[in-house]
Structures are given as structure tokens and as C-alpha cells.
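Participant: Read off the chains here:
Number of protein chains: 2
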Amino acid sequence: VALLHALVSLGFGSLILCHVDHRLRGRASSGDALFVQRLAGKLGLRCVVFKSEVGKLAAGKKLSLETAARDARFECFASAAQANGCETIFLAHHADDQVETFLFNLFRGAGALGLGGMRTETTREIGGLSLQVVRPLLGVWRAEIDEYIAAHKLKFREDATNAGLGNTRSKMRHQVIPMIEQTLGREVRRAVWKTAEILRAQSDFLQSSIGIPGDELSVPELRALPDALQEVLLREWLKLKAVPDIGYELIQSIRGLLATDSARAKVNLPGGRHVRRRAKKLFVE
Amino acid sequence: VALLHALVSLGFGSLILCHVDHRLRGRASSGDALFVQRLAGKLGLRCVVFKSEVGKLAAGKKLSLETAARDARFECFASAAQANGCETIFLAHHADDQVETFLFNLFRGAGALGLGGMRTETTREIGGLSLQVVRPLLGVWRAEIDEYIAAHKLKFREDATNAGLGNTRSKMRHQVIPMIEQTLGREVRRAVWKTAEILRAQSDFLQSSIGIPGDELSVPELRALPDALQEVLLREWLKLKAVPDIGYELIQSIRGLLATDSARAKVNLPGGRHVRRRAKKLFVE
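First to last, the sequence lines map onto chains B and Z.
Quick note: our numbering has the first sequence finishing at residue 305, numbered continuously throughout.
Quick note: our numbering has the second sequence finishing at residue 305, numbered continuously throughout.
Quick caveat, the hints were computed from the structure, so don't treat them as lab data.
Careful: at least some of the hints might be erroneous.
Heads up, simulated SDA-like pairs for lysine to any residue below, C-alpha to C-alpha not over 20 Å straight-line [claimed, not checked]:
1. B:286 x B:235
2. B:191 x Z:246
3. B:214 x Z:201
4. B:191 x Z:197
5. Z:191 x B:206
Some, not all, of what chain B presents toward chain Z, calculated at C-beta under 7 Å [as the list claims (entries may be wrong)]:
6. 57
7. 60
8. 68
9. 196
10. 198
11. 199
12. 200
13. 215
14. 225
If you anchor each label on the Cβ, the simulated ranges turn out as follows [to be verified]:
15. Z:232 x B:202: 52 to 60 Å
16. B:171 x Z:73: 53 to 61 Å
17. B:261 x Z:51: 30 to 38 Å
For each residue, glycine too, the CB sits at the ideal point set by N, CA and C.
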């Protein structure tokens with residue numbers, strides 16, 4: 021709501037509100053949709069509401085609910101953008117989101133490249149469409165947004181999944197981070213936020229050092245790379261192969277295939293696929 | 021004690037036990053020294069005990085107690101090594117130490133390069149002496165060491181600062197990490213440990229990309245570097261200048277001097293020194 025208000029105040033006239041109902045939250049969810057539709061009516065903006073059966077999607081593609089929901093959202097955004105000739109998507113992630121994402125990825129072992137966090141500006145290819153994704157609030161703290169909302173007397177609606185403590189992200193926000201700050205007697209969010217900034221710069225540099233990986237990877241060339249670049253290259257390669265939830269364990273298993281004395285020649289991937297080593301090449305099948 | 025037992029069992033005969041009394045812990049501290057001396061006697065090893073007034077050192081050099089204590093320990097180790105013709109120092113840091121150090125540095129805003137953690141093997145120059153520093157237990161968990169101690173019925177003595185909850189590191193060990201694991205309902209130490217591994221590989225690669233910085237830095241050359249390398253280069257440069265406790269804020273302040281429109285030409289360093297920009301160069305004075 022705060023982002024929308026700010027964008028409208030800044031003169032962005034032709035905005036389209038896009039709401040995705042994940043069909044996971046019961047009644048709260050249709051309430052969200054209604055709220056978004058009314059808000060759009062009040063501001064004279066177009067509004068698109070999608071329904072996406074995320075539970076089924078996640079089960080079908082063997083993805084986590086969180087990953088399936090994110091993919092579904094981006095597909096809806098892309099479809100709304102294509103239908104309306106939009107090139108830019110604004111998302112309202114804020115600085116606390118960035119910190120929670122960092123700690124979430126750290127504690128689940130996503131590896132260093134998963135820690136760089138979200139970007140203020142990035143380009144995303146979705147279904148053949150190239151969209152600019154902008155997060156203007158990524159450096160703004162939740163408390164500052166609350167002040168903005170209060171100052172402008174904006175009506176808002178708490179996301180049902182945020183208020184409950186049903187998932188890891190909520191626990192991070194409402195329990196873990198406050199407990200850490202209370203126990204250590206210091207504010208830690210800013211330090212974590214800055215670390216995410218630095219790691220993103222590092223991973224940008226590492227990615228620019230390797231270029232775009234090909235369809236198959238040469239084992240001797242991989243072996244010759246420093247450890248840090250092996251990890252980056254394998255991760256980029258798996259991303260291009262649309263492998264979801266790429267974590268440290270998976271990367272290490274694949275690096276295990278590079279050892280000259282490795283008897284193993286196959287590593288399982290989610291969704292029944294695998295990475296295979298044959299004739300000094302790695303490929304996905 | 022476990023490390024010592026393991027080294028003796030492996031046939032390392034000519035070990036010298038080195039204990040540094042930081043004069044901070046009152047009676048517990050002389051008890052520690054006595055314990056170490058008796059242990060050495062029992063094993064037939066030489067033993068050196070140093071006394072170091074860390075409180076005064078820290079105040080005099082304007083360092084944190086932790087930094088002053090670490091510097092003092094390494095100076096004692098170097099002096100014992102030189103007197104006895106040793107080339108290698110064994111330290112008993114374990115995997116939990118590594119995880120606590122990572123979180124400690126993350127939450128105090130040390131920046132990404134502070135997160136790589138300790139190394140299993142490294143070389144350290146102390147007072148003109150080049151010493152190999154080995155931490156054989158860095159991949160071994162505290163619980164595994166406890167099992168080893170129990171299995172071999174070793175007598176041990178808990179470090180007085182470990183048992184109390186007087187400092188940040190103890191809080192991390194006894195409160196923060198258990199709380200995180202309990203709240204999230206999962207083990208997080210392994211994930212953090214692995215992240216430290218990856219970040220160390222990354223920072224090794226980044227450091228190898230910049231080489232050794234000179235006495236003064238060229239502002240135009242710094243400007244031309246990617247963000248990640250600017251940070252690494254400045255951090256390495258400050259390390260060579262023996263600047264203690266290098267954090268993200270300091271690096272960012274110095275990067276502020278690089279802006280073409282920067283009116284500021286000076287950044288303060290601990291201990292009354294500063295970084296100055298003049299004639300397109302950065303130098304410490």
C-alpha cells in the first residue's frame with residue numbers, strides 16, 4: 021500500500037495492480053483480493069487477480085511451497101504484463117524482507133551465492149518475456165514504512181501468512197531476529213543487510229568472471245578452476261537447466277564427480293533428473 | 021586436552037604447551053595455568069606460561085579486549101616458538117568455534133570478508149617470524165570432542181570465560197544458537213559452517229584477483245575496479261597497515277573518498293591515524 025501510494029504520488033499513472041491468490045489461506049485470501057480490488061477502484065487503476073493452486077503445483081513439480089508460490093507469482097505478473105504491454109514490475113520487498121531472506125538462506129544452507137539477496141533492479145526472463153523487476157523499498161525498513169502509512173493515514177491489510185507464525189519466515193521475523201537482538205543487546209539487522217549487499221557485489225563479480233556456461237561442462241576445465249568459481253559455474257549451469265532449490269549439498273555432490281578417482285558418475289536432481297559424467301563432460305539428463 | 025591427547029597418540033613427541041594468562045579472570049586464571057603445567061608434567065612435555073596484561077594492552081592500543089587478547093596470544097606463541105625452534109603452532113579451535121565466529125562477525129557487521137572464518141592451515145607473520153598455524157579440529161564438532169574425552173577418560177578444565185555468560189561469544193554459544201535451532205526446529209550449525217567454507221574460498225579467489233596492494237593506492241585505479249574488488253583491495257591494504265577491527269563501515273567511508281564529487285578527503289582510523297586522499301592517491305598517515 022505504501023509503495024502504491026508513493027508511486028501514485030510520484031505521478032506513475034498507468035499502473036496495474038496484480039494480485040495472486042495462492043488458494044492456501046482460506047477466507048483470508050479472498051479478503052486480500054477484495055481489498056486489492058477496492059484499492060485499485062479508489063485510485064482509478066486497473067486490477068488483475070489471479071488464482072493459482074500452489075499446493076497442487078508444488079506437489080506436481082516436487083517443489084517447496086515457497087518456491088512454487090514465487091514461480092506462480094512471476095508467471096502471473098508476466099501474463100498481466102504481456103496482456104497490458106508493461107515492461108516493469110514493481111515489488112514491495114523492504115529491508116527487513118532482505119534480512120529475513122538472508123538468515124533464512126543461511127540457516128537452510130543455501131550456500132554463499134544464495135545469500136546475496138534480492139536486487140533493487142534486475143531483469144527477469146519469464147516465458148520468453150524480458151521484464152524489468154524493480155524493488156524501490158529494498159533499502160527501507162519496515163518501521164519506516166509503518167511511519168509513512170501512519171503519516172498518510174493509509175488503510176492497509178496485513179498479509180495473513182505474515183501475521184501467523186505458521187512458517188519459517190514468520191518465525192524469523194517475529195521470534196528469531198528479536199531474540200538475537202535482545203540477547204546480544206544490539207541491533208543486528210543493519211549488519212546483516214550490509215553483508216547481503218557485499219555478497220551480492222561479490223557474486224556479481226564472480227559471475228562476470230565465468231561468463232555463461234554451455235549446455236555441457238568440461239570436467240578438466242572445471243577441475244582447473246578455483247573452488248569459488250567451480251561453485252559459481254555449477255550453480256549458474258543448474259539455474260540455466262531450471263533446477264530448483266539449488267543448495268550447497270547438491271553443488272558439493274556434483275563437485276564430487278570431478279575427482280579423478282571418483283567412482284560415482286551420477287548425482288540425482290529434484291524432479292527425477294540427474295547430472296551425469298561421461299567422456300569428461302557433465303550433462304543433465 | 022583432546023587435541024593434545026590426539027597429537028601425543030599420533031607420535032608428536034616434541035610438543036611444547038603454551039599457556040597465556042590474560043590476567044582477566046582472577047583465580048580461575050591461575051588455576052588454568054596450574055592445570056596446564058601439571059598436564060605437561062604428566063605427559064613429559066615442556067610447558068611455557070606467559071602472563072599478559074590484556075586489559076592494559078587493550079586500553080593502551082584502543083583495541084577491543086578480544087582483539088588485544090588474540091594479538092597477545094600470538095605474540096606469546098611466536099616468542100615460545102622462536103625460543104624453542106618451533107615452526108608450527110597447533111590450535112584447538114573446533115567447528116562450533118567456527119560457527120560462533122561467523123555469527124559474531126555477521127551480527128557486528130564485519131563485512132563479507134570477515135565471514136570466511138578460521139583456516140585449517142595458514143601462515144602467520146609475527147614479529148618477523150613466519151609460523152605455520154594448524155587447526156586440526158576445525159571440522160570437528162564440540163560434541164564429538166566431548167565423546168573423545170569421555171572415551172579416553174581425559175580430565176579437562178572448562179575455560180572460565182566459556183562457562184560464564186559474560187561476553188558475546190558465550191551468549192552466542194549458550195543462548196543465541198540453541199534458541200535459533202529450537203525456534204526453527206532444525207539444526208543450523210552445519211549450514212553456517214559450510215557457508216563459512218564457501219566464503220573463505222570466495223575471498224581467497226578475490227584476494228588472488230587483486231594481488232598485494234602497494235603503500236599508496238591510486239584513486240582512478242580503485243574507481244575502475246568492480247565493487248567487490250574495491251572492498252577486498254581496501255581491506256587487504258588496511259591489514260598491511262596493521263589497522264585493527266576493519267569493518268564494513270570503515271571500508272564504506274573510505275570508498276566514499278573515491279567519488280569524483282567527494283568534498284571529504286579524510287577518514288579516521290583507530291589509534292589516531294587516518295586515510296587521506298591527495299593528488300589522486302589514498303595513503304595512511
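Participant: So which of those numbered hints doesn't the model satisfy?
Facilitator: 2, 3, 6, 7, 8, 10, 15, 17
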